[in-house]
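Student: Got chain F sorted already, so can you dock chain Y onto it with the hints?
There are 2 protein chains.
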Amino acid sequence: MTTFEQLTTPAALVDVAQMQRNIDRMQSRMNELGVKFRPHVKTTKCLEVIRAQTAAGAQGITVSTLKEAEQFFAAGITDILYAVGIVPNKFAQALALRQQGCDLKLITDNVDMALALGRFGKEHGHQFELWIEIDCDGHRSGIPPEAKLLIEVGSAVLEGGSVLGGVMTHAGSSYDLDTHEAHVAMAEQERAGCVRAAERLRAQGWACPVVSVGSTPTALAASVLPGVTEVRAGVYVFFDLVMSNITVCQPQDIALSVLTTVIGHQAEKGWAIVDAGWMAMSRDRGTQRQKHDYGYGQVCSIDGELLDGYVLSGANQEHGILSRVGEPDPQITQRFPVGMQLRILPNHACATGAQFPRYEALAPDGTLRTWPRFYGWQ
Amino acid sequence: MTTFEQLTTPAALVDVAQMQRNIDRMQSRMNELGVKFRPHVKTTKCLEVIRAQTAAGAQGITVSTLKEAEQFFAAGITDILYAVGIVPNKFAQALALRQQGCDLKLITDNVDMALALGRFGKEHGHQFELWIEIDCDGHRSGIPPEAKLLIEVGSAVLEGGSVLGGVMTHAGSSYDLDTHEAHVAMAEQERAGCVRAAERLRAQGWACPVVSVGSTPTALAASVLPGVTEVRAGVYVFFDLVMSNITVCQPQDIALSVLTTVIGHQAEKGWAIVDAGWMAMSRDRGTQRQKHDYGYGQVCSIDGELLDGYVLSGANQEHGILSRVGEPDPQITQRFPVGMQLRILPNHACATGAQFPRYEALAPDGTLRTWPRFYGWQ
Chain F
3 MTTFEQLTTP AALVDVAQMQ RNIDRMQSRM NELGVKFRPH VKTTKCLEVI
53 RAQTAAGAQG ITVSTLKEAE QFFAAGITDI LYAVGIVPNK FAQALALRQQ
103 GCDLKLITDN VDMALALGRF GKEHGHQFEL WIEIDCDGHR SGIPPEAKLL
153 IEVGSAVLEG GSVLGGVMTH AGSSYDLDTH EAHVAMAEQE RAGCVRAAER
203 LRAQGWACPV VSVGSTPTAL AASVLPGVTE VRAGVYVFFD LVMSNITVCQ
253 PQDIALSVLT TVIGHQAEKG WAIVDAGWMA MSRDRGTQRQ KHDYGYGQVC
303 SIDGELLDGY VLSGANQEHG ILSRVGEPDP QITQRFPVGM QLRILPNHAC
353 ATGAQFPRYE ALAPDGTLRT WPRFYGWQ
Chain Y
3 MTTFEQLTTP AALVDVAQMQ RNIDRMQSRM NELGVKFRPH VKTTKCLEVI
53 RAQTAAGAQG ITVSTLKEAE QFFAAGITDI LYAVGIVPNK FAQALALRQQ
103 GCDLKLITDN VDMALALGRF GKEHGHQFEL WIEIDCDGHR SGIPPEAKLL
153 IEVGSAVLEG GSVLGGVMTH AGSSYDLDTH EAHVAMAEQE RAGCVRAAER
203 LRAQGWACPV VSVGSTPTAL AASVLPGVTE VRAGVYVFFD LVMSNITVCQ
253 PQDIALSVLT TVIGHQAEKG WAIVDAGWMA MSRDRGTQRQ KHDYGYGQVC
303 SIDGELLDGY VLSGANQEHG ILSRVGEPDP QITQRFPVGM QLRILPNHAC
353 ATGAQFPRYE ALAPDGTLRT WPRFYGWQ
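As they're listed, the protein sequences go chains F and Y. Numbering-wise, the numbering used here puts 28 at position 26 of the first sequence, and it's gapless, one number per residue. Numbering-wise, the numbering used here puts 228 at position 226 of the second sequence, and it's gapless, one number per residue.
The set of hints was computed from the structure by calculation and includes no laboratory data.
Per label pair, the in silico range of CB-to-CB distance: (1) Y:His182 <-> F:Gly341: 37 to 43 Å; (2) Y:Ala76 <-> F:Gly127: 44 to 50 Å; (3) F:Asp81 <-> Y:His182: 54 to 60 Å; (4) Y:Gln61 <-> F:Gln61: 55 to 61 Å; (5) Y:Arg23 <-> F:Val165: 48 to 54 Å; (6) Y:Asp305 <-> F:Val165: 34 to 40 Å.
If we take Cβ atoms under 10 Å as the criterion, some of the chain F residues that face chain Y in the derived model are: (7) Thr110; (8) His267; (9) Ala353.
In silico lysine to aspartate or glutamate, DMTMM-like type, Cα no more than 20 Å apart, as pairs: (10) F:Lys69 <-> Y:Glu362; (11) Y:Lys69 <-> F:Glu362; (12) Y:Lys293 <-> Y:Asp180; (13) F:Lys150 <-> Y:Glu270; (14) Y:Lys271 <-> F:Glu148; (15) F:Lys69 <-> F:Glu131; (16) Y:Lys150 <-> Y:Glu201; (17) Y:Lys293 <-> Y:Asp310; (18) F:Lys293 <-> F:Asp255; (19) F:Lys271 <-> Y:Glu148; (20) Y:Lys150 <-> F:Glu270.
Even glycine gets a Cβ: it sits at the ideal position worked out from N, Cα and C.
Extracted from the complex, chain F is given alone in its bound form (with noise of 0.2 Å):
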C-alpha cells in the first residue's frame, strides 16, 4: 500500500468519498427537478471522475477542448457538448470526431460561424449540430434573448446546413454572488433567458430541442426548471475556496487538495517554506476579491484537518510560502517542522487540477489509486 510519506511531493490528492458525496449531492438535485444533467469535465479531464459521476446517473459530457473530445470519445463517452465557441481551424477536427460516430454538439453567437460551418460541412457531405449561445447575464460570450441577432443566426445555422440543436447558456457571474437568495434569483434569471431564446427560435417554425444551461451555484439553487432539458456543471465535483467563499459548499466539503512538504523556514518572518508553489496551486488567486482572501490555499493537517489563519501567503514556481494570517507565528519552526506534510485546499479546483499530470485517490479505506489526467489542445 501506498502512503503519503511515499508520496513525492507536490502532488494532487482526491478524497474519493468527498468527491462521491459533492457528486451524489448534485445528482439528487437533478433528478428532483427532473433534467438531465451534462457534467463539464473541464474541471477534471480525467476518466475515473467522469465514470462516477455517470454512475450517478449524469448523461453525456461538456467539454472545453477537442482534446477533450477525443480522449474521453475513445473511451466509449458519444454524447458530448463543445461549450467553446466553434472557429474554423477546428472544422476538421470536429468533422473527424463525427465522421468517427461521436454525437458532438459545436456552438456558436454568430452568423459568420454559422454560415462557415455549413460551408465546410457541405463541401464534406456532412451535417453538424449547431447550438446558439445565449448571454444571460452579460458575463461573456452569447447572443442576448430578445436581440434580433437571435434569429440572423439561428437563420444562418439552417441556411448553412446544419442542425439546429438547441441554445446554451452559462451564468458564470453567478460566481460573483455570494448568497443563496442571489444564486436562486440568478438561476431564474439564467433559465428565464435560455428558454425565452428557444421560444423566438421555435416561433420561426424551427425545432430546438434543447435548453441548456447551468453553472455550480445556480445548478445547486434553482428550486425550478420549466422549459430547461438540461444542466451543466463543473467544478461542482471537487468545489474550491471560491465555491465556499460564495457559500455553495463549506471548506470541509472541498475534494481536492495539494500534498506538500515543509521544506525550510525564515523563522523570524514567520514563515515556513514548503514545495507547492504556483506550479502546483496554479496562479489562480479567485478569493483575492473575495469576502476571504487564502492567499494561494488554505492550510491542513495530512489528515485533512483545517488549519484555521493558516495560508500560502506567497508562491514562487517551486516555493510556497505558509504563515499565519495577521501576526507571524513564532512557533512556526515547531508547529511544521522540516520534512513536515500538509495538505494545501485550492482557490479553484480546474486550475489547480490542471497543473497536475495525476492525481492522486484517495480511498475511505486509506488506498491510493493514480487517475490520470491530462492537459493541452493538441
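Tutor: Same frame as chain F, but now just chain Y:
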C-alpha cells in the same frame, strides 16, 4: 509546410530567431564576466531549447523538479543542480539519479535535512553533494550570509557525510526593481552575499568550490562578478511582459506568444472573445502591480506586430476577452473579425509555457516544428 491557419488554437508559438538572440545576449554577457552559465530550465522544460542554450556555451542546467533532472539526464545532460530544498520523500529519486551517473547537486538551508540526507546516503553507501542555499535579499529561502546558522549547516553537511559542494543564492527581489541601476545594485548585493557566505565556510577550513548566483535581471545587469563561479537564469530565454515592464527587455524581444482565434464579439462592450483563456495564458497577473498592466497579455497581429492599447482584459478557462484599454473600440468587430488569428504576449513566460504540452517553433524561414515540453513532478 504547416501554416498558422492549420494550427489548432490556442498554441504556444516560439519565435526561434528571437529566442536565439536572447540566448546570445545572455551568453555573451557571461563570457565577458568570465563565469560559467547554468541556465534554469524550469522556464521551458524543453530539450530543443536547452540544446540551443548549450550550443551557445551554457554548461550544465538548473532544474526546479526531479522530473526535469530525470528527463534531461536521460537526454545526456549530467551536470544538474536541483534548486529547491531537498526533503526525504525525494531522497530515493535523487539517489537513483546519482547511482545512474547523474552529477546531481542538491540544496538545503537547514541542519535537519543536511543530517537526514547524510544518514540516508550512509544507509545506501552513497555520498551526496549538497550546496547551501543563501538568502541575499530576504526574498524566500536560504541562510543570511552572516548568520550563525550558516556554519551550523555547513558542519551538519560534513558531519552527515555529504560533500559540501558550494553555496547558491537567487535574488528574486530583483523582479520588484524596475531600473537598470537598481538591478546593478541588486546584482552586487547578490554577489557579495554569496561570496561572503563561501568565505565564512572556507574560513572553517572547508572546501566550498562553487559560488552560484543569479536571476535574469541581475545576470543581465552585473558588471563584475569577482568570487562568483557560475550564474543561473531562466526566463531570459523567452522574456515576457513582466521583464519588459522592469526594463530588462523590450516587448519586441519576447520570443513566446500564444496564437489564438477570435470566436465572437460583444460589440456594444467593445469586446472580441478569443479562444485563449487562462488555461492558455495561465492565471499569472504579474503585470497587475507594475507600471503597465497588460491584463492577461498584450495583443499582437499574427505577424507579431504589437497592437498598442489592445490587451486580454479578462479570462475564463477557455475564453479571453480582448478589449482596448480605456474607451471601448466601436470598430472591434471589423478590426478583429471572427476567425481572425492573433498572437498574445504573456505576462510570465514560465507560467504560460507550462500550460502547453508543446511549443510550435517558428523558424526564420517560416517553417514550424513541434518542440515537446513536459510538466508535473512524478
